[in-house]
Amino acid sequence: MGNCCCGGNCQDARLKEILEQYKGMDGVLIPVLQKAQELQGYLPEKTLRTIADYFDMPYSEVYGVATFYAQFRLIPSGQNVIKVCTGTACHVRGGQKILDRVCSELNIKPGETSADGKFSLEPVACLGACGLAPVMMINDSTFGRLTPAKVSEILAKY
Amino acid sequence: MQIYRGHVLVCAGTGCVSSGSRKVKAEMEKQLEAFKLEQEIKVVETGCHGFCEMGPIVIVYPEGIFYCQVKSEDVKEIVEEHLLKGRPVKRLMFKDRITEEMVPHYNDIDFYKKQNRIVLRNCGFINPENIKEYIARGGYEALAKALTEMTPEQVIEEVKASGLRGRGGGGFPTGLKWGFARAAKGDKKYVICNADEGDPGAFMDRSILEGDPHALIEGMAIAGYAIGADEGYIYVRAEYPLAIKRLKIAIAQAHEMGLLGEDIFRSGFNFKLNIKEGAGAFVCGEETALIASIEGRRGEPRVRPPFPANKGLWGKPSNVNNVETFANVSKIIAKGSQWYASMGTEKSKGTKVFALTGKVKNTGLAEVTMGLTLREIIFDIGGGIINNKKFKAVQIGGPSGGCIPEELLDLPIDYDSLIQAGAMMGSGGLVVMDEDTCMVELARFFLNFTQLESCGKCTPCREGTKIMLDILERITKGEGKEGDIELLQSLAETIKSTALCGLGQTAPNPVLATLRYFRDEYEAHIKEKRCPAGVCSALTSYTILEDKCKGCTACARVCPVQAISGEVKKPHKIDSSKCIRCGACMETCKFSAIIKK
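Heads up: the sequence lines are chains A and B, in that order.
Quick note on our numbering: the first sequence kicks off at 1 and runs consecutively.
Quick note on our numbering: the second sequence kicks off at 1 and runs consecutively.
Isolated chain B (complex conformation) (with noise of 0.2 Å):
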């Protein structure tokens, strides 16, 4: 094996490569090749850092430098200064915000110093399509302690002493799960991983998938083992072709090794692992649909009892968890559930990963710590919001989950106290809204998600649900009427109560939690027909201050339905009859001369 005396990672992850990772990439090598480096220096393509805002991200070793915003042009000097000369890049490292310092140093970062990566260990570190890669950190320990040193029995207790509960959404506890689908009775089984991450705002599951996906791999062998099951499914989404491909690599991978096939680790055990490409219904997530779907029919939830682990795929008994769940077990099993259960509070054990996302600073994924308050994650690590505007709300868990106002911040994170808050962890999307989101209109948003992806079985949630976004939508165009918020609290409280399954149950949450914290909001619209937050574009008009109108024509010229007119240099005005509402005059405008009422 050829030693090099340096390593280039590259983030290969969907948001890097979207800001231009792979050019960087070839650029890297060329320029390596042409100051004779390449024999000393490897270019490594890795997963997702997390740090989605700040890419392309490069990453130097043995020294870890980061860099970020990595243009092309910036790389001939990366090389040269850096890795010929060793002088650090200084002008594209991170500047810290509020020191405006710059940050040579990966872990002395804001966003990555209060996170404690345990799911992510690997994520940006190893080249996800080299097995060896994950093997030398460790990779596949568990699976061989679990075949060569415990009974299935030991395992299970293993991850019940952990405290381990489902990451998708609920937080079923997975070792208990476990045992449900090892007591059933059946010679077939089936181990089933739910990777059609369906959260808008949330890519955490993609991000294993992306940068190791060996860990899922591992964590499902380990469930087939623990339960009895020979064979596995990973149900993952189409739209995500880049952690299709390199599963599919890493399958292969495993195969050739033995770490998957025929009598494991000499164990007896044998396990095959195939993948299912969803098609797109969040509705898959729930997990009888989800086999459903894999099963070839529309993807319709059914009622349980009787649960898949008792009866699921081709009616046998199945386990389902979800990626971020199965990337936990080789952790837990290597290093003991002790360890494990040290992390967190009383009831929530171990970390989560988070997708903080909206008009916060540091946009990306941050894994940490279960009871850490939403305010260290979005002051700390996600820097603040942007623009340095106010902070008004936190959504969390998606369209199933609520928002939490301000009041509540402290609050450390946990399965329980989120639920007591009125929302829930959900898969983990944070989205964090500022003074300009009008709650109003982002329950609207959320319903007119969850009502398009409801599968039409049972009524409360198909008719439910749209009548519920008929009155939201009235609201929002200036139309709400005395006890129509009643009338969506009654409606709310039914569908929850009567729906089911999982989607419909928790679709009327985003109504329920911005009614609790952000009702003054509702009856501006309905009573004052005002949209504090001058999103509503039926209740917001755009004018044009005269006195600091310098006449340069550059909303006119911008503007989409010419509603803008006037003399240059002198000001102009705005017809309201022709203005749609979309704003593009007052973010061109230089002169703050446009407002919104």
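Chain A with its partners taken away, still in its complex shape (with noise of 0.2 Å):
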């Protein structure tokens, strides 16, 4: 959101838009958020704020949509988010170790961002590539058959 192009104001606009997109709709806010969430990334207070007074809604109404669902983010999110598959399969074909891995090299905790904003770090119920296990994906890059030292070679190029 670097290049914008009005000094932050078009964000603004930009949600006014999907605002009104939905506007006199039921059952809207579940999308709306989403919606909002691709524009801004994440959730900031205001937006929410926004959205709530926008529909005539108590915020506590939104706000515990948002954070009821494991979709939606308050926090920004790192450069590339890393997601750890911690489903079953993967849990059996050595998960844990994946996910330990990743939190040792980054030092954070799952949900965190790293202190340098490089990469944040959501354990995943399941990322349906069983057959892979255990699996990670780094935005849309999928990696299979992992092993704790492949993954820090693969965390390395980025």
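Hints are all accurate, no fakes.
Just some of the chain A residues that point at chain B, by a computed CB distance under 10 Å: (1) Asp26; (2) Thr67; (3) Ala70; (4) Phe72; (5) Thr86; (6) Ala89; (7) Cys90; (8) Gln96; (9) Lys97; (10) Arg101; (11) Glu105; (12) Gly131; (13) Leu132; (14) Met137; (15) Gly144.
Calculated from the structure, these hints are not laboratory results.
Here the structure is a predicted model, which means the values were calculated and not measured.
Glycine is no exception: its CB is placed at the ideal position from the N, C-alpha and C atoms.
Please assemble the complex out of the two chains, which come individually in their own frames, going by the hints.
So this is what it looks like as structure tokens:
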């Protein structure tokens, strides 16, 4: 969002566009939050308040939904998002060790962003690539049949 | 329409894409052009073939030659040798694990031999982004038949007679459910598809959505006609972007051809479909929670009755089924309930798709006739255990299910036999575990999952699962006490009988099943402070065997916490106070000099 055309105002304008698309419709809160997060990368308090005001909902309801679902983030993510699969198939093939290694390499806990802002770590329940277990994704790339040593090699490339 | 002399099917399911099938496809197109074959051979991007272990998968028709683990470097050879000169490339075929012979044809591979692909009939064979390919394989015939030759009541009777039961877990008879929604009073009704496949280790619905989206759409339209609904919702995980993309394309194409929309087949029946993207909450697999989520609220379940058939989405009568259930419907209508009911066991008809994962050689999706035994699925289709280790148990039904030990492997799979054995069909995840899996730790793993996903609305689930998890964590850390097992058992029974929804009611299942079949492992952890499988790190230590260590330093270099020391060419030592028990050293050692106790 560094190359914004009008000093940050256009994001507000685009958020407003999103809100207007859903005006007067039922059951729109989740899609609105999804679109807003797509726009900003996360959901800052200001955005949640804007949404609550626009749809005339209590802020608590918007906050309640935003914190209920795993997809929504209230803090900004790092440049690269690492998703380590913690599903059953990965777990029995050593997924925990993969997660541990990512944590120790980046010195962060699951759900956190590294100090340099380069990586955030999100454990996920299943990536659906169980045939390649254990698996992790960095942004849109999938890495399968991992070992802790491979994790270190992969992270070094980013 | 252009006629091609051959087709190259490249799998574009999630498993194969992760293994690099996009590159293979691009290279295939490039090489076909280079050899001037692009007018003779067509490359088709298909959905999942199910054999994810062996991906990327490429199948060449008309011969039906099956190539596996194809890399983009291999493509030139396939094009030059097979497609140009007509000599299939032996080295890229599947190698039978027992006879070690190359198996050229798809249907001769053990993994496929015992399968009966009805739901997955088109997955891997058609381009899911082209409705004409679905129609060419008999698609939308069933919808036409239902709308033009049958009354809604006849459709419901047909589904009832087929014996189809809900494939999402509970196994409720589908026809009966439709009958309730049909009988409910209301001018507006909804058909809802639960495509929020949340069970870790299950990806059958994803494969149907990605590989054959029209099978779902056709099934939903038939359900709409049967219950009297003119609108449907597909609630699909946002984590399945490819599935969402293909669904959108499929819905648009069906509209264009008049198979969705107004006055379908001039019958006066209208039906439209909406997609709702879920936002990641396991509890939304429960139907009332799912409905709350479509309405834009927190996905919390509510007390039933009233059931959704009477009071569902926006308070209107609604019918919720999962993807696999709907995908069965068109075949039942097209071929008749008798045909469907001739397959399976007395009370479980038809087929079930299982996601076979874990410590098994052939991971992937397998659709089998109900009544096949677990042994056949794991050892014949799955090829047995990796590294020829000993089978210990198989977890069925995800975190809500239970484990089945070796002595019950000859159990014929159906809804009722699994419940009796303390597991459940669930969505059909089969996670195979070998002797290196600690069953106590596994129970902790599942409970950790359900605990995290508990919505917090009812106390037994919110508090009860937390206490159970605390106890299991203590046990795996070597801090178990006398009486823990009894306490776990009593908590489990209470939660099972008092939780509000299926999530809570089934959350204790993994603990109860492991206690039933592997109580000795719990006792070893609690009384002897020992983890028999050597998994629980607090109860395990790594040692280097002096006589086997060559001093190659590989372990010392790989250790992330510098806990290993020693001189080159002399035996090394592990400082257990520094060791974090990650096991990296043991994996690296080429001389089997490191053991864990």
